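Chemist: So the protein lines, in turn, are chains L and D. Take the first sequence: its position 565, counting from 1, is numbered 565 in the numbering used here, and each next residue is one higher. Take the second sequence: its position 667, counting from 1, is numbered 667 in the numbering used here, and each next residue is one higher.
All the pointers check out, no bait thrown in.
Chain copies aren't distinguished; within one or between two, either way the pair holds.
In the EDC-like style, the derived pairs of lysine to aspartate or glutamate whose C-alpha atoms are separated by at most 20 Å in a straight line are: (1) 297 <-> 800; (2) 796 <-> 77; (3) 796 <-> 294; (4) 796 <-> 64; (5) 796 <-> 80; (6) 261 <-> 112; (7) 796 <-> 728; (8) 84 <-> 800.
For the record, the hints were derived by calculation from the structure and aren't laboratory data. Model, not experiment: these values are computed from the prediction.
Number of protein chains: 2
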Amino acid sequence: GSIQPEPKAKHNTQTYTSYSPIGFLSPAAERLRHILREEDEPTPTLFTEMDTLQHEGGEMEWKESARWVKFEEKVEEGGERWSKPHVSTLSLHSLFELRTCLQTGCILLDLEGYSLPQIVDDIIEKQVQEGLITPEIREKISFVLLRKHRHQTKKPIHRSLADIGKSSPSSECPLSYLSHSQDAEASNVLIGEVDFLDKPFVAFVRLAQAATLGGLTEVPVPTRFLFVLLGPNGKTKSYNEIGRAMATLMVDDLFSDVAYKARDREDLIAGIDEFLDEVIVLPPGEWDPKIRIEPPKKLPSSVFSLNELGQPNGNAGGGAASAEGEDLPAPHELGEELKFTGRFCGGLWLDIKRKVPGFLSDFYEGFHIQSVSAVLFIYLGCITNAITFGGLLGDATDNYQGVMESFLGTALAGVVFCLFGGQPLIILTGQPIRLWIGLHSCLQCLILVATDASYIIKYMTRFTEEGFSSLISFIFISDALKKMMSIFNYYPINRDFKPDYITSYRCDPGARALSSLLFNFSALDWNQLSKKECLSFGGSLVGKSCKYVPDLAMLSFILFFGTYSMTISLKKFKASRYFPTKCRTLLLISDFAIFMSIMTFVGLDLFMGLKTPKLIVPTEFKPTRPDRGWIVMPFGKNPWWMCLASFAPALLVTILIFMDQQITAVIVNRKENKLKKGCGYHLDLFWVGILMAVCSFMGLPWYVAATVISIAHIDSLKMESESSAPGEQPQFLGVREQRLTGILVFVLTGVSVFLAPVLQYIPMPVLYGVFLYMGVASLHGIQFWERMKLFLMPAKHQPDFVFLRHVPLRRVHLFTLVQITCLAVLWILKSTVAAIIFPVMILGLMVVRKTLDLIFSQHDLAWLDDILPDKDKKKKEDEKKKKEKKKAKSEEHNNGDEENQPTKFILDSGYLPLQNIHYCSEVTYRF
Amino acid sequence: GSIQPEPKAKHNTQTYTSYSPIGFLSPAAERLRHILREEDEPTPTLFTEMDTLQHEGGEMEWKESARWVKFEEKVEEGGERWSKPHVSTLSLHSLFELRTCLQTGCILLDLEGYSLPQIVDDIIEKQVQEGLITPEIREKISFVLLRKHRHQTKKPIHRSLADIGKSSPSSECPLSYLSHSQDAEASNVLIGEVDFLDKPFVAFVRLAQAATLGGLTEVPVPTRFLFVLLGPNGKTKSYNEIGRAMATLMVDDLFSDVAYKARDREDLIAGIDEFLDEVIVLPPGEWDPKIRIEPPKKLPSSVFSLNELGQPNGNAGGGAASAEGEDLPAPHELGEELKFTGRFCGGLWLDIKRKVPGFLSDFYEGFHIQSVSAVLFIYLGCITNAITFGGLLGDATDNYQGVMESFLGTALAGVVFCLFGGQPLIILTGQPIRLWIGLHSCLQCLILVATDASYIIKYMTRFTEEGFSSLISFIFISDALKKMMSIFNYYPINRDFKPDYITSYRCDPGARALSSLLFNFSALDWNQLSKKECLSFGGSLVGKSCKYVPDLAMLSFILFFGTYSMTISLKKFKASRYFPTKCRTLLLISDFAIFMSIMTFVGLDLFMGLKTPKLIVPTEFKPTRPDRGWIVMPFGKNPWWMCLASFAPALLVTILIFMDQQITAVIVNRKENKLKKGCGYHLDLFWVGILMAVCSFMGLPWYVAATVISIAHIDSLKMESESSAPGEQPQFLGVREQRLTGILVFVLTGVSVFLAPVLQYIPMPVLYGVFLYMGVASLHGIQFWERMKLFLMPAKHQPDFVFLRHVPLRRVHLFTLVQITCLAVLWILKSTVAAIIFPVMILGLMVVRKTLDLIFSQHDLAWLDDILPDKDKKKKEDEKKKKEKKKAKSEEHNNGDEENQPTKFILDSGYLPLQNIHYCSEVTYRF
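Using the sequences and the hints given, assemble the complete structure.
Modeler: Okay, structure coming up:
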């Protein structure tokens with residue numbers, strides 16, 4: 001009994017033939033080119049189930065042993081459960097055996113079949129006709145093929161605690177995924193050994209119409225394909241491997257297409273040959289076949305093109321020239337929003353046109369449970385910001401602007417901006433003001449808007465962006481720590497506190513007290529007075545520790561550090577294995593991480609009952625300084641020329657606001673955030689300018705985008721795909737783009753004046769912990785920060801960053817050092833008297849970046865940063881000319897010799913890749 | 001220009017021929033069987049370097065592009081660095097092309113060659129002879145092949161900070177590994193394209209003697225093999241892939257053997273065919289070839305046997321029957337140490353014979369830097385233990401035994417046990433005593449020793465072991481927390497403390513003070529008195545907060561939690577990427593984690609200067625109670641019959657000590673600890689018994705193995721391999737088995753009496769933190785604990801534990817629940833008056849385990865626990881009979897049908913696997 005490979009090793013002659021000139025396709029590829037047309041509709045998603053024949057007692061039945069949606073899931077025999085989805089590792093052997101099976105077996109394409117018995121009859125009839133089986137065993141085969149099917153679907157009786165409460169079986173069953181891909185069909189693989197056969201019985205069936213063949217498939221999806229392999233006893237293992245190979249082929253994008261469109265046996269064989277041609281081989285000595293390979297994070301694009309057909313996948317191992325070409329960093333594109341229109345208010349007009357259509361959806365798309373958490377998180381950030389900022393402001397302006405103004409301004413500016421701004425995901429924060437400077441700045445901003453000046457943002461590369469946002473993050477972190485330290489100073493730990501001497505601390509009447517005798521204070525019992533009374537009656541405190549408040553510093557530290565580390569831990573918990581994902585992601589942990597931490601430590605503080613410093617919000621709606629109203633008169637105490645002289649400082653303010661606003665906008669609008677509704681740099685700036693004037697008149701602070709909180713806002717609104725094939729990584733889908741959360745945050749901020757009774761329970765150290773978290777979290781994922789960490793890692797432990805593959809480590813370090821130096825200079829400027837020229841220095845960052853062009857090659861900069869647009873354009877044109885020359889040359893050459901010309905990839909980011917694919921498609925890499 | 005595959009696809013006919021009966025080998029395997037003989041010496045380790053020809057300007061040179069020791073390391077062109085070692089992913093295409101190359105190219109085996117020019121001449125001569133090239137291009141080829149070689153060895157100018165201070169280039173260069181495998185040789189692969197060829201020039205050379213061909217190889221290792229592929233322009237990528245395939249083959253264990261022993265071209269081809277037969281295939285749609293696959297944690301055994309030759313690796317994907325056979329849990333073997341000898345003191349005698357030879361090495365093997373850290377760690381654990389235990393003991397015995405006795409006893413018993421005990425890695429801890437009970441127990445222990453009673457430990461399975469050690473861990477954790485809470489009670493947080501009223505806390509002379517007037521206390525200024533003075537003069541304190549010590553509770557908590565979490569973090573840091581591994585592992589972080597944490601928080605405590613509770617050790621060497629000497633008289637105050645009546649309680653003590661001692665010994669001697677010097681259960685018990693009597697006479701506590709600290713001791717002495725091929729995981733080599741660390745710990749404990757001035761700076765909360773860490777750390781890696789966590793995980797997130805593949809989840813949960821119940825009962829017993837029968841209940845665990853045989857199948861128990869020995873023996877015999885029957889049957893069957901008979905693997909763990917390999921070797925799985 002054996003499967004005789006008839007045209008021995010024919011596949012080899014077909015596929016691995018010798019080298020031939022341009023345009024050559026292997027016969028297999030040539031064949032497939034005829035049946036696969038790109039204009040065709042995509043074929044349905046295939047679900048494959050493999051059932052094996054079990055003999056138990058005298059009974060036979062088909063038992064599900066594995067299934068494939070995209071990856072393989074095996075039934076763990078003993079464990080009675082599904083294995084984790086894994087990449088199917090096949091043996092080359094079984095693939096060749098499968099090929100032989102299809103060459104010798106019976107192939108029925110487009111069979112009209114509506115029930116399993118009828119289909120089985122047709123298969124057997126065909127086999128008898130072709131003389132593959134003798135008519136005597138007809139009945140036996142039919143009997144075997146019609147045995148009952150048992151599936152691994154029944155719920156286990158004893159479920160894990162974590163499973164309880166799950167409403168749908170989504171996590172264990174591929175049905176939810178299949179029902180999303182609307183026209184799913186099934187292919188069934190039946191493998192078994194029987195004693196009455198002396199050679200294998202093989203059949204491959206494609207039905208004309210997918211049909212539900214009662215009980216054949218685990219999920220209610222109609223069957224389109226059926227592969228049967230019955231063989232003589234004793235080779236279960238081989239048969240199983242062939243079955244797995246067939247099933248794996250059926251879920252392969254290319255082969256499943258071929259299977260749907262094959263005209264005959266040869267087409268199917270050609271499909272296998274193409275599959276073999278693309279296959280990735282692991283040497284046996286370097287890999288243990290028993291390891292189940294986890295599905296990769298990213299799959300190669302599932303869309304194959306006809307042009308790629310017949311090109312063996314030479315990139316295995318990475319490093320071939322075309323692979324490097326694909327690896328080229330995505331070009332620095334800020335989109336057409338920043339085009340210089342050249343018309344008056346041209347950009348603003350385009351922004352408005354772009355934003356109006358989505359205005360309604362900006363509201364209803366905000367109704368989601370995630371928004372609640374986002375609002376709470378950002379609200380707490382904003383209010384902490386408003387209060388600490390208000391406190392500082394009050395000190396600086398002699399209370400002309402204080403906490404009340406800060407609240408009101410935040411609420412007003414925030415609501416207006418989120419309602420009408422170009423990018424409502426941006427959160428505003430305050431800056432102190434003077435009326436005339438504000439008016440000048442407003443005017444200057446409007447001029448910038450009218451002249452499309454925001455287009456210069458194009459010159460802001462990752463260098464500037466990351467430098468600026470790191471700086472802001474560091475400021476956040478340092479502020480949080482500073483404020484925490486100030487608590488330590490205010491409520492120090494008293495190392496000299498001698499509990500033993502507590503009895504000797506007392507109020508001493510002193511000299512003044514003597515005089516008080518005149519005022520008839522003689523009746524006073526000085527021993528009974530509290531500290532306050534003692535002082536008010538002119539006594540003095542005896543004993544060093546009198547002013548000391550115990551436990552506060554320690555508790556504050558515990559609250560501060562606890563809030564921070566609990567938030568970090570809860571955020572990490574999202575990635576852990578405990579509790580069902582749904583539960584973890586949606587409701588409990590991740591989104592509410594900050595809220596839960598705050599609640600926990602507010603609770604702890606309440607429980608301790610110590611007088612930690614608490615959040616205090618104003619309770620009455622009136623200007624902080626009682627001697628002013630809500631409107632500031634434009635011509636007040638200042639001389640008239642001040643109105644004009646304000647122009648100069650206003651310019652600095654304008655630069656700062658412009659930079660602050662637009663860099664934040666660039667960061668929020670980053671391509672990796674996958675925003676779909678477009679942005680509106682001009683519109684943003686317009687409203688910032690208008691609000692500036694309004695605020696100036698009302699004596700409120702000015703408002704501009706807050707980098708860290710805006711990033712936190714984006715982070716708290718991220719969406720991930722819910723239904724993916726088992727084993728597939730959930731994809732980041734984008735951000736909930738809407739105005740609702742922003743508006744709610746600022747409405748709440750305004751309303752906070754009435755929330756004082758609740759808010760007063762929140763200790764300040766908890767809020768500082770939130771600040772610290774925000775600062776640290778916004779450093780996350782910044783390449784600059786990753787590069788800094790490289791300094792501490794030995795080369796062999798460094799992560800496999802793509803820029804490290806292309807830029808020498810010393811250049812990477814040099815680039816990082818330049819950035820560190822720039823930030824250090826900015827930091828020093830910020831903290832000294834030179835703070836006034838700080839905004840200009842941020843502009844300076846862009847100049848530094850420009851000079852980096854002289855030190856670093858464009859190749860290095862493309863990987864570490866982005867190419868500046870002008871360069872880009874110029875080089876592109878150069879490149880075009882070069883390429884034309886090259887194309888001519890390449891026609892003599894037959895094949896890309898890109899590897900020898902690294903400069904080719906350097907200069908034309910963004911343009912070449914497309915060109916390159918086209919170019920490659922004309923060439924084959926065949927031997 | 002092309003490589004024409006001459007005997008087209010011949011490999012296929014050779015390898016994938018049809019099914020044939022027992023004993024069949026493919027022609028390729030048949031061939032290899034002739035040249036590979038198992039009695040041969042192993043061939044040298046091969047280092048492979050691939051150089052590609054670079055054209056720069058008009059110059060040509062060979063540039064290293066990748067290297068292989070076991071895994072591939074590529075030169076990152078742009079990054080000028082080595083990539084991480086990764087599994088070579090090849091395309092099937094390139095392997096077939098390579099096969100064609102070897103079929104058509106020129107093969108020179110055992111060439112006498114001592115210099116590159118001579119070898120090149122020989123190659124070209126041969127090619128000309130065979131008519132493969134025309135004589136005209138002789139010079140050109142020779143010129144190309146003799147170009148300079150440039151290697152990726154030069155150190156980068158700007159190194160990472162972390163690299164500085166590294167003495168050897170070991171981490172980046174495979175030399176250190178190669179120099180360890182003593183007879184390493186190199187194979188060189190040269191790949192290039194030139195313009196003067198119109199078809200490829202291929203040569204495979206094996207030198208008769210390995211020779212250093214100046215500058216050809218990066219490392220100073222002589223070259224044995226040379227593969228040259230020069231081809232016409234335009235196909236660099238194809239050529240590179242062929243070169244990678246060749247290099248990967250050269251480092252394959254089987255192929256490199258073939259290459260060393262091949263007699264002719266056909267042998268090499270057969271080698272490739274065998275390689276292809278074993279190859280693992282990944283479907284292109286499920287894997288991105290650009291992903292570099294990290295080397296697996298565990299490689300398949302590199303020793304291949306001739307018997308396995310020609311058997312395709314059907315286990316890919318896991319799940320074939322024979323794979324399951326290998327997966328069977330290692331049988332529960334405790335070694336011959338626990339054999340019942342049947343002779344008087346037979347076991348003890350064997351123990352002594354076993355331990356004597358290693359006695360000397362037990363000392364000199366202790367001299368290692370790691371020992372220092374281990375001693376410090378365990379010393380701190382012991383001393384904390386001794387102090388807290390001593391304190392409790394003092395309370396319980398009215399100071400007849402106190403801290404001093406605890407110290408002395410620990411030191412004495414520890415030193416003696418570590419000097420003479422069977423397993424010196426065990427650390428002893430105290431139990432309170434009574435003289436006569438001690439003498440009885442000693443006698444009972446000696447009887448147990450003399451009768452080899454320890455052999456019943458065989459019935460102690462993982463169930464009992466893990467139950468007991470979890471219990472001890474939980475006790476550790478709960479003790480640490482309880483002690484911490486007691487600090488909170490002792491120094492409470494004063495929620496009512498009103499700093500404002502500090503002036504009103506004072507000393508009130510009260511009624512007594514009035515009477516004190518008689519004693520001329522009238523001069524006393526009550527206001528000036530401290531708390532103590534006030535009370536001593538009979539005054540009373542006024543004000544609620546007088547007794548309150550501020551900040552202590554908070555600081556204690558910070559110290560406690562800080563020590564714990566810093567230790568945990570530092571331990572984790574070992575696995576991080578920062579700083580060179582050497583630095584991290586040996587000196588800085590991991591081993592000293594606990595020491596560094598203790599120092600940090602002792603420092604913090606010192607800095608704070610608060611009066612936290614400190615470690616206080618006795619400073620004078622005398623019994624705690626001054627009215628007794630160091631020797632206890634056997635016939636003292638008690639009536640004579642007490643001497644006899646002590647027998648009954650002594651029995652309970654003996655059981656407890658026996659269980660405690662032997663379970664700990666079993667845990668320490670676990671197979672996964674890879675101890676080599678053998679253990680001595682009888683000898684251990686002998687010394688425990690003797691020490692019991694000695695301690696009893698001296699009025700010291702008794703000493704018995706401390707589970708948690710012994711595990712910590714083992715953990716702190718673990719060794720890992722230092723030299724492994726790039727990418728290979730370091731292997732756990734075993735534990736530094738020696739007596740030195742133990743002895744030092746206990747000598748230090750004894751000397752601690754004189755260390756009091758230093759030790760008094762250590763705050764108790766820090767030590768409690770260490771306790772907590774020890775308890776938590778000893779839970780790590782316990783399967784019971786892992787199973788408990790499963791309750792909280794949804795099925796699809798559960799880790800891929802091997803027992804989950806074989807046992808249904810509900811059975812796993814049931815088993816865990818039984819264990820939890822047992823522990824809960826034990827816990828309750830321990831904390832109530834029933835504590836006295838606690839030792840008997842631990843024996844009860846073994847009874848529970850026995851009854852589990854009724855509830856669970858032996859299959860499930862084999863995975864979750866171990867099979868009890870009797871069962872094992874009986875079944876083995878049954879199995880033997882069965883197997884003989886089966887063997888007869890299998891000869892008709894030709895192939896294993898194990899999959900259908902799962903019971904076969906269940907019952908004969910430990911015996912069948914060997915038998916099985918033999919059995920398999922007679923059968924082939926070929927189609």
